[in-house]
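Residue numbers (our numbering), protein chains in the order written: chain P, 1 to 141; chain W, 1001 to 1143.
Hint data in this document are derived by calculation from the structure and do not stem from the laboratory. The model shown is predicted, which means the values in this text are computed figures rather than measured ones. Mixed in with the good hints there might be a few duds.
[What the hints assert, rightly or not] Label pairs and their in silico Cβ distance ranges:
(1) W:Gly1037 to P:Trp49: 38 to 44 Å
(2) W:Pro1041 to P:Trp49: 37 to 43 Å
(3) P:Pro80 to W:Ala1055: 37 to 43 Å
(4) W:Met1001 to P:Ser44: 20 to 26 Å
(5) P:Leu69 to W:Pro1079: 42 to 48 Å
(6) P:Val129 to W:Met1001: 43 to 49 Å
(7) W:Ala1055 to P:Gly139: 37 to 43 Å
(8) W:Met1001 to P:Leu140: 45 to 51 Å
(9) P:Pro114 to W:Met1001: 35 to 41 Å
(10) P:Leu64 to W:Leu1069: 26 to 32 Å
(11) W:Pro1142 to P:Pro68: 52 to 58 Å
(12) W:Arg1063 to P:Pro80: 32 to 38 Å
Here a beta-carbon is modelled for each residue, glycine too, at the ideal position from N, C-alpha and C.
Here is how the chains run, residue by residue.
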Amino acid sequence: MMETDWLLGFAGGLMIGGAAALYLLVNGRIMGASGILGGLLDGSDRAHWPERLSFLAGLIGVPLLLAPLWAPETHLTGNPAVIVAGGLLTGIGTRLANGCTSGHGVCGISRLAPRGIAATVFYILAGGVTVVLFRHVWGLI
Amino acid sequence: MQRNLFALLAGGLFGAGLLVSGMVDTSKVQGWLDVFGAWDPTLAFVMGGAILPMAMAWAVARRRGVSLLGTPIPARAEPRLDHALILGSVMFGAGWGLAGLCPGPALAVLGFGGWGGGLFLLAMGLGMVAAPALRRRLDRLPA
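Assemble the whole structure, with the sequences as input and the hints as a guide.
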């Protein structure tokens, strides 16, 4: 049902925004998934590694615990080339841009940050063009 | 210790929200981006739902200046649209469109998303490690 999906989307969105609000108001940090993971991986911020690892433990662990109850579906493509290309572009792109959907999208737009708004416009446009080309023009995804 | 506990809670709530909102489902994300196909507006509801509490949080944070655990609230970045921001966002958008996962959901699906989710996360991690070298080149370009 489409309308149920919209309601669940809004409810889940409130939870995502609530998590970002908690991380900002208690820890004083911006909840950006790519920044939290990237700062660990490229060693740019080793000082906060326990906090980053704790966040990641919750982000991976809670869905793992809820999955048997909620039965989420990913519908991820089975084409490894598409998965690897998508992952590489996402990893490089979010670190160059200093943020992704959570950092620029949720945390940036909500404080009317020009960089967050610009990044969101560019990644949604690029995503739209990519889906149109790869799905409707070339039929690859 | 407190910092880690609240980080765990925030990460867990984020993960649960991604599950409930359906943003771990690549068909919903690609459905949002697919304006010439069966367009799915769910992502707009998720974004709206997330921005609402966060806008209130910023209003409180601006007034207080520091977080409850004493960390200064992060300052606004300079409103500069540089090469790295634009090129990076375009690259990210292309990857997002191809596979339908962004970094938060890529982490959230690790526990149940099968080999594909793990492969995406691995490739994304490699990209993140490679990015600083590319960034140094971009930052040397004239504005």
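Hints, one by one, checked against the model:
1. Against the hinted window of 38 to 44 Å, the Cβ-Cβ separation of W:Gly1037 and P:Trp49 comes to about 42 Å, which satisfies the hint.
2. Roughly 38 Å separates the CB atoms of W:Pro1041 and P:Trp49, a value that falls within the hinted 37 to 43 Å.
3. Distance hint for P:Pro80 and W:Ala1055: a CB-CB separation of about 40 Å, consistent with the stated range 37 to 43 Å.
4. Remark: the range hint 20 to 26 Å for W:Met1001 to P:Ser44 is upheld by a beta-carbon distance near 24 Å.
5. Judged by the Cβ atoms, the range 42 to 48 Å given for P:Leu69 and W:Pro1079 holds: they are separated by roughly 44 Å.
6. Remark: the range hint 43 to 49 Å for P:Val129 to W:Met1001 is upheld by a beta-carbon distance near 46 Å.
7. As the Cβ distance of W:Ala1055 to P:Gly139 is approximately 41 Å, the hint placing it in 37 to 43 Å holds.
8. Against the hinted window of 45 to 51 Å, the Cβ-Cβ separation of W:Met1001 and P:Leu140 comes to about 49 Å, which satisfies the hint.
9. A beta carbon spacing of about 37 Å between P:Pro114 and W:Met1001 agrees with the range 35 to 41 Å that was offered as a hint.
10. At about 27 Å, the beta-carbon gap between P:Leu64 and W:Leu1069 stays in the expected band of 26 to 32 Å.
11. About 55 Å separates the C-beta atoms of W:Pro1142 and P:Pro68, a value consistent with the hinted range of 52 to 58 Å.
12. Judged by the Cβ atoms, the range 32 to 38 Å given for W:Arg1063 and P:Pro80 is violated: they are separated by roughly 50 Å.
In summary, the structure is inconsistent with hint 12 from the numbered list given earlier, while agreeing with all the others.
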